[in-house]
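Student: First to last, the sequence lines map onto chains L and A.
Under the working numbering, the first sequence has 62 at position 62, and the numbering climbs by one with no breaks.
Under the working numbering, the second sequence has 90 at position 90, and the numbering climbs by one with no breaks.
Careful, some of the hints might be misleading.
[Unchecked claim] Estimated spans, in silico, between C-beta atoms of each pair: (1) L:G59 to A:D71: 46 to 56 Å; (2) L:T106 to A:S43: 22 to 32 Å; (3) L:T138 to A:G95: 20 to 30 Å; (4) A:L89 to L:G59: 31 to 41 Å.
Hints listed in this document are in silico derivations from the structure and should not be mistaken for laboratory results.
Here a beta-carbon is modelled for each residue, glycine too, at the ideal position from N, C-alpha and C.
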Amino acid sequence: MSPGGMAVAQAVSSRLATAIDRALADCGQAIGQFVGLATAMRTREVLLEAVLRVPAHYGDLDVTGAAAYVGMTGDVSGHCLLFMSETTAKALVRVAEETLGPLDETLADSLLHEFGNIAVSAFMNGLASAGGWRILPTPPELAWTVRGAALQSLLGAMAVETDLALVVAAEWVLGGRDLDCGVLVLPDARGLSVMLGA
Amino acid sequence: MAKVLVADDAAFMRLRLRTILQQAGHEVVEAATGSEAVDKFASEGPNVVFLDITMPEMDGMEALSAIKRSDPAARVVMCTALGQQNIILQAVKDGALDFIVKPFDQARVLAALSRAVS
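The shape of chain L in the complex, shown without the other chains:
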């Protein structure tokens, strides 16, 4: 837990943490099937945190990479951001090229776009199933940016809606290698209320 971070109340956290564990495990499995390599994704921390302190949980903010944003609608509304460093993104493209041949820039971006879609959708499917909610993603948007900018753009919008954010930080191992890739789940005030009230 980060300094100043507030742990999710125990009565809520065990159920919510179980739902998030399951969602991340499903996400890891889907990614593994997509890239054809053994993949594991595990929860590193789940916290309720002040919106302004969220970036402190996501490592080096100056890292360049691909940010896949998906909005959540349905019972649990809000935002989901998957950020992978440029090194991680290039590793994924290389894996795909082994079976499909060389990919031009458009197809490589599309691969990362779909990777974000599949990873985030698998996470939402797992979360919906574990929590008994209906969660629908909006079409994913992919942008090349730095991690800090991707977070700030999302958190700026969040700060208007709520003071607190649900931080879900994950460890991700692909083909035996630790990858620099994180999932940020930010339910809005209504979505957070639904998740914590379950």
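We have chain L already, so just place chain A on it with the hints.
Tutor: Chain A in isolation, oriented as in the chain L frame:
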């Protein structure tokens, strides 16, 4: 051999599906949006449609309804990363013949196509 319309906004997924289907000897027509899928269904007359759900402009569920309105016998396989049961049930209720959840492999795609054309 079947003529298959693949509708997905992700060029990479269209490439992946096209590769699988063409290697198995099928003809492939592509659409990048739901509205393009509806147009191509009318103009190309495919045997089967593989339709992604999450697409901009017109999503796959809307496209499914439009295609089924124009041809109630249309054979549509929904192809999406959304595996939530309520979404699958809704698609089947709206006339989808089958549902495959991404990420998919060659065997699952060809099995879905085989079921759809049989």
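Student: Honestly, which of those hints from before does the structure not fit?
Tutor: Violated: none.
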